[in-house]
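Asks: Produce the entire structure from the sequences given, and follow the hints as far as they go.
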Amino acid sequence: MSGSNLYIITGSSKGIGDAIVRQLLRDRSNEVIGISRTVEDRNNPHFKHIRINLSNIEILMRGTDEIFPFKEYQKIVLINNAGWIGQINHLGDLEYKNIQKIFEVNTIAPTVLMNAFIKKYRALNQSERIVVNISSGAARKALDGWSCYSSTKAALNMMTEAAQVEAEINKSGIRFFAVAPGVVDTEMQSDIRSAKESSFSALKKFKDLKENNELLSPAKAAEKILYLIQNADKFSGVLQDIRQF
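Here UniProt numbering is used: position 33 in the sequence shown is 33, and no number is missing along the way.
If you are wondering where the hints come from, they were derived from the structure by calculation, not from laboratory data.
Ideal placement from N, C-alpha and C gives every residue a C-beta, glycine not left out.
Here are the computed lysine to aspartate or glutamate pairs in the DMTMM-like style, where the Cα-Cα straight-line distance is at most 20 angstroms:
(1) K207 with E187
(2) K171 with D233
(3) K75 with E223
(4) K207 with E197
(5) K14 with D185
(6) K120 with E66
(7) K101 with E187
(8) K210 with E197
(9) K75 with E128
(10) K204 with D144
(11) K75 with D233
(12) K75 with E168
(13) K171 with E161
(14) K220 with E187
(15) K97 with D191
(16) K141 with E197
(17) K207 with D185
(18) K119 with E168
(19) K101 with E58
(20) K141 with E161
(21) K207 with D191
(22) K210 with D191
(23) K205 with E187
(24) K204 with E187
(25) K171 with E128
(26) K119 with E161
(27) K220 with D185
(28) K14 with E223
(29) K210 with E187
(30) K101 with D191
(31) K48 with E66
(32) K196 with E211
(33) K97 with E58
(34) K204 with E214
(35) K220 with D241
What follows is a list of derived Cβ distance ranges for each label pair:
(36) D65 with P45: 20 to 26 angstroms
(37) S201 with D233: 39 to 45 angstroms
(38) K119 with A219: 29 to 35 angstroms
(39) N43 with I169: 42 to 48 angstroms
(40) L143 with E66: 36 to 42 angstroms
Replies: Written out as structure tokens, the structure reads:
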């Protein structure tokens, strides 16, 4: 692998993550490290895949040195894209293992990676360093059946905002964003549409979005996220929504 920019992306094998990787690899100045459970063979010298299940926090913590190579780049970017909708059901009917897993995948794993990223790169002031956490509009709106999903994304938003406050106090120069991608045509949306209406009263709305071709493509979402990364100085504030730019 060789290049002047380093991008580390979780959930790189599908959906938005896959679309981001594809777009980044069009530029040979980019090195991309993809993290996912699924084996990826892109046959590209600028891409490295690390197979990790993000719900296994112990293994994730042991792998941070491989995930974050110490080398000078013009730009170093972490995109915490991996996410799980979890068990769509009302509180009182959730399985305990699913409560734990969704917080591990959506909140704890991104926080572990943010912590490792800051520790490794905070002194590299000559490099532009950016962390993008893929959030959700659900972080700001309570929906029945999504109590855990909304909570994990709300926690991720606050973690991102706190990281930015600390970066300013410590003068590290790292930028942090939590980006809501809107409703994107991914496997997660398929999982949402397979829910029971008794467990999720907004089910019809999400089915209608699909039937009316109103879902954003992963490629378009990726394009917007990369626009933010490539024009970070044009954006103020941590919480962003790609439907607003």
